[in-house]
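4 protein chains.
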Amino acid sequence: MLKVGLLGAGRIAGVHATAITNNPGSTLVAVSDINAEAAAKLAAQYGAEARSTEAILNDPAIDAVLIATSTDTHSDLIERATDAGKAVLCEKPVDLSLARAQACQKVVANNGKPVMIGFNRRFDPNFAALKTALDKGEIGKAELLSITSFDPAPPPVTYIKVSGGLFRDMMIHDFDMANFLMGSAPVTVSAVGTSIVDPAIGGAGDVDTAVVTLTYADGRIAVIKNSRRAVYGYDQRVELLGSEGLLQAQNMLENTVVKSTTAGVTGAKPTYFFLERYMPAYSAEWAAFVAAVNAGTALPVTLDDGVAALAMAEAATQSAKSGLPVALASILG
Amino acid sequence: MLKVGLLGAGRIAGVHATAITNNPGSTLVAVSDINAEAAAKLAAQYGAEARSTEAILNDPAIDAVLIATSTDTHSDLIERATDAGKAVLCEKPVDLSLARAQACQKVVANNGKPVMIGFNRRFDPNFAALKTALDKGEIGKAELLSITSFDPAPPPVTYIKVSGGLFRDMMIHDFDMANFLMGSAPVTVSAVGTSIVDPAIGGAGDVDTAVVTLTYADGRIAVIKNSRRAVYGYDQRVELLGSEGLLQAQNMLENTVVKSTTAGVTGAKPTYFFLERYMPAYSAEWAAFVAAVNAGTALPVTLDDGVAALAMAEAATQSAKSGLPVALASILG
Amino acid sequence: MLKVGLLGAGRIAGVHATAITNNPGSTLVAVSDINAEAAAKLAAQYGAEARSTEAILNDPAIDAVLIATSTDTHSDLIERATDAGKAVLCEKPVDLSLARAQACQKVVANNGKPVMIGFNRRFDPNFAALKTALDKGEIGKAELLSITSFDPAPPPVTYIKVSGGLFRDMMIHDFDMANFLMGSAPVTVSAVGTSIVDPAIGGAGDVDTAVVTLTYADGRIAVIKNSRRAVYGYDQRVELLGSEGLLQAQNMLENTVVKSTTAGVTGAKPTYFFLERYMPAYSAEWAAFVAAVNAGTALPVTLDDGVAALAMAEAATQSAKSGLPVALASILG
Amino acid sequence: MLKVGLLGAGRIAGVHATAITNNPGSTLVAVSDINAEAAAKLAAQYGAEARSTEAILNDPAIDAVLIATSTDTHSDLIERATDAGKAVLCEKPVDLSLARAQACQKVVANNGKPVMIGFNRRFDPNFAALKTALDKGEIGKAELLSITSFDPAPPPVTYIKVSGGLFRDMMIHDFDMANFLMGSAPVTVSAVGTSIVDPAIGGAGDVDTAVVTLTYADGRIAVIKNSRRAVYGYDQRVELLGSEGLLQAQNMLENTVVKSTTAGVTGAKPTYFFLERYMPAYSAEWAAFVAAVNAGTALPVTLDDGVAALAMAEAATQSAKSGLPVALASILG
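Chains as they are written, first to last, in my numbering: chain W, 1 to 333; chain S, 1 to 333; chain C, 1 to 333; chain G, 1 to 333.
Quick caveat, the hints were computed from the structure, so don't treat them as lab data. Be aware that one or more of the hints could be misleading.
Below, computed lysine-lysine pairings styled on DSS-like, alpha-carbon distance capped at 27 Å [as the list claims (entries may be wrong)]:
#  : chain 1 : residue 1 : chain 2 : residue 2
1  : G       : Lys3      : G       : Lys41
2  : W       : Lys321    : W       : Lys161
3  : G       : Lys161    : G       : Lys321
4  : C       : Lys3      : C       : Lys141
5  : G       : Lys3      : G       : Lys161
6  : S       : Lys3      : S       : Lys113
7  : C       : Lys321    : S       : Lys321
8  : C       : Lys141    : S       : Lys161
9  : S       : Lys41     : G       : Lys3
10 : C       : Lys3      : W       : Lys41
11 : W       : Lys321    : G       : Lys113
12 : W       : Lys141    : G       : Lys161
13 : S       : Lys141    : S       : Lys113
14 : G       : Lys106    : W       : Lys321
A partial selection of chain W residues facing chain S, derived with a Cβ cut-off under 10 Å [what the hints assert, rightly or not]:
#  : residue
15 : Gly233
16 : Val265
17 : Thr266
18 : Pro270
C-beta: ideal position from N, C-alpha, C; glycine also.
Isolated chain W, as found in the complex (with noise of 0.2 Å):
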């Protein structure tokens, strides 16, 4: 039985009390949080302490954290978790500052403890089946990789302001989920962005619609499409066309029920954000992290992944800025 430590009480860390709690193989023993409060509340409801993070890394009996807090700070807990012994799984992005996320992988490379970066589409039923139907050579060699992904609306310009922008904010999902399917990182990466959804957003010096295309060093192709509003809901699709066919892993809708009517045929929409549509992902993505944790196994998600994904943002912002391709190289230095 996992003994865990959650370090953070807003939104998401409630996903992965949850997620903690319903697993088999591991127990929800202490959370903390900057908003005591929040902790304490958060930790009732499940069953836990409420604690300092200090309290938490300090105890031996906690095996494993999981860092869900703001991610300026993602990079000093994952150093402190894991010198303290602890097994980390902490939610993206590593750190806004490649540079900062390079040393901590430095930093964990040398105490050697597991970490895995929450990068939780990797674990979304349909993604991984797509994937697992790639690996099995349904559709031959990769060919051209397509990811869209759209929110349903904008957070607000204040928050886009301490994002770090699309690219590092939004867009790195689609990053790594491009190195999950392709196996390799790019060799280029090219950026358009505009703010035509909401010009306050340019103004906040972000896009909120940007393109990316990648190339590969064996001639591959990938593009990524986001958009920071998609009204109809949130927008999850990959398509991958390869040697011998193509594959779609498509939206989950709210309900099956279609309508006919003479105003044509009406089906629900997709699920409507993140919570909704990646709710299996989470209570996955932590099965996974318990199991390898357990066995002693290779994480399927790690720092590293973390790392390149974070390089991809950078690259695309400083494209999407010039208007020239960057060679991914040129920002791993």
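Add chains S, C and G to chain W, keeping to what the hints say.
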């Protein structure tokens, strides 16, 4: 080159005129109609002559006639045309009277000329593909058949009154589809009907919504659902459960555009009515007739098929009235 | 907080234990089963006590019991539990004997305690959404209902023999769905059944494939199709034609991946069986029970609903044997 | 009645001959081809005469010519035909050389005759319905366009060598579709291409898989994906995200049959290639040409549209080679 006389110049005759003209193996030579003006107009449009029915049947240069006149003339014209040595394609139904149709069957059995009944749905690309998959054993042995067949809007009550009733006029297509797919006639026919769409239809002695259950000697079951009104368009679907799977032939849609908005995900309606849905079927039907007549091979749908469907319509009409199942054998005497 | 005793510790009891525990308004206090080991194991898993049924019913601290024992004990336990002052949620069917269920109905009418029957499908998000759309008038007035309900594989013949037969054991869910959607009981019930899936099922006096047609006083019609075997998975669909459109609740699929190859365009199968398909429905069902009991409001499904569905199963059983329609009034006597 | 001369007697000329003949407002008078036998055969099939191109252009009784010859003859024939006073419908592309096409554009501007370029996809019922919905404001303001356009199999390398390359030969249709839907030309064109399908195509100096990103002055973005090989058939889809929703035009399928077995749920493939998919589009294109010429109104697609798409192909060709974005203005000089 098959030289063809067309008896009838109404709407469905126009459909056939197109199919005859577009087929590289047949030519439309002459058209007749009780409305001379209609015959003249249709003939002119397709480069044919307007003639009397008499003249068409007596012309030794005409190889085949297509009968697209009113139902009450079908049996007579089939007998006259086959006695005159023509190959015949006659619109369904053979007759509203089973006895008259059976008498016609005997005449044709004597003169030995090929007569095909226009059950065009057998040639619909979707139903034909379903039948092919079934015959290839793709779902094992058939067990339970469902046919959904809804018209977009009811015809005028004046038409209802002379139509022979829903079972002979509308469901007869579905009886033939059941025979086509199941490959044998049922043992019992149980019908329920109601005039829930329009009480005036009930007032005219007919039903507008009906369900018929068919049982087969080997334990198979079929269900046919008819409604005179599906406001979203012509709903024509078939579904067949077998020992190793399910086959479904779904509706054809007006186009493939899908719109996702806050109101849901909306696609196009089914093609509106039989002319839109079954135009390819009419062409394929005619091509099959031409091919068989030219090759001297068996016709894919026969007068016997027409009589078999009519007997089922007769049984359903009786069952809907009595509320009791009817043995098909009792109808066929 | 509703304190709950669970009677039964089999597979479906486990499903309910999860729903009781996950619901923030209820706690699982005790579990009983004729197999003491099973009760102990299930109780331990959810932090409850294993007790005798007697002890549970006599414990004044227990507010409600969930009856998930074998069918032949349902009526007795409903009577004992309500006499002991408990609110009851009992798995379907109430009883295999209509007379016994009606006697139970009288007892409960006398003691006045709330009893809900576990027709979980009413709480399926898809069927519930269809019902909501219907109630909002989105397709006008209902005219023709079709329910397709196929199991993936037949149960062992040993089970068939004690099941009460397909109509009482399997189609009873669909009878309740018809009552739920149509809002009133039918006038006549006509059934045909066959043992085409497995002759051994026929040898046991039951059918494995059946079609039931229901007629309503106002002219509406419903058709229910059941098969014990759909090799592609659990096929659970509802379709309702109304004066202004059609509503369809389609199957839920294992995932949304679609593969296009030279062999065609292939998607996932329906979720395998009732546990996969109806898990959200079991949770929603329990939530509705807790909410109604806590608020003292009417339960959304009642013992009367259980008896009504059972009467239809009785009528269908008779109809399938006699080959004749059965008036529901003659059953309810 | 528009009297038409057809220049060219190859496969696509045959398609046009059918459309010309079936249209009630036009007649095919004469056919020419460098292969006299082919011209004779096609003419005979449609009741027309085989003549020399010279004779067709000099015949004052001929109102319009349809140019379906090899690409290298298009500009010359457009000039000669318009100088001879004919209305012209010319197959795409105008020319492989942008300069030559622009020279032709000037000649036509001088003689003032109507020239339509055969971008038939604008007349596809699906894309046309998408455009109509967009123009009606059904998804608000367009923001992000995606075009997927995959051929089922690559042409022979001998063809590739004279084709002008993927961007001029294949993607030119998609450039026109972008112009059609976006209503204005892009500012920049960025292309990546690879010969991952067949290295021999790369050996011939061309690519077989490509992604092009277009940016617009008002912040909109478009992405076009091309592959010379989608083994499952002709994949022709358009997707447009707007401020109030998403429009998608999906593939047309060979039929609507769906088969559910233990292997999954399988439907038909997309229609195989352009003749199957776009036959209705060719007819609608011709009908629009006839209507506009007869009415003397503006043609729905013009020679300017042909030059605009060609300029984008030129820009994409340069961008794919240099790896840098190309400003369209730099191409149009």
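Hints and how they fare:
1. G:Lys3 to G:Lys41: With Cα atoms ~19 Å apart, Lys3 (chain G) and Lys41 (chain G) stay inside 27 Å; holds.
2. W:Lys321 to W:Lys161: With Cα atoms ~17 Å apart, Lys321 (chain W) and Lys161 (chain W) stay inside 27 Å; holds.
3. G:Lys161 to G:Lys321: holds, 17 Å
4. C:Lys3 to C:Lys141: Distance ~42 Å between Lys3 (chain C) and Lys141 (chain C) Cα, so the pair is violated.
5. G:Lys3 to G:Lys161: violated, 36 Å
6. S:Lys3 to S:Lys113: holds, 16 Å
7. C:Lys321 to S:Lys321: Roughly 22 Å separates the two Cα atoms, so the pair holds.
8. C:Lys141 to S:Lys161: holds, 26 Å
9. S:Lys41 to G:Lys3: holds, 23 Å
10. C:Lys3 to W:Lys41: holds, 23 Å
11. W:Lys321 to G:Lys113: With Cα atoms ~46 Å apart, Lys321 (chain W) and Lys113 (chain G) exceed 27 Å; violated.
12. W:Lys141 to G:Lys161: Answer holds: Lys141 (chain W) to Lys161 (chain G) is near 26 Å, not above 27 Å.
13. S:Lys141 to S:Lys113: It is violated: about 35 Å lies between the C-alpha atoms, which goes past 27 Å.
14. G:Lys106 to W:Lys321: Violated. Lys106 (chain G) to Lys321 (chain W) sits at ~39 Å, over the 27 Å cutoff.
15. Gly233: Hint on Gly233 (chain W): holds, closest Cβ of chain S at ~8 Å, below 10 Å.
16. Val265: holds, 5 Å
17. Thr266: Where the cut-off is 10 Å and the nearest Cβ of chain S is about 4 Å from Thr266 (chain W), the hint holds.
18. Pro270: holds, 8 Å
Violated hints, in rising order: 4, 5, 11, 13 and 14; the structure is consistent with all others.
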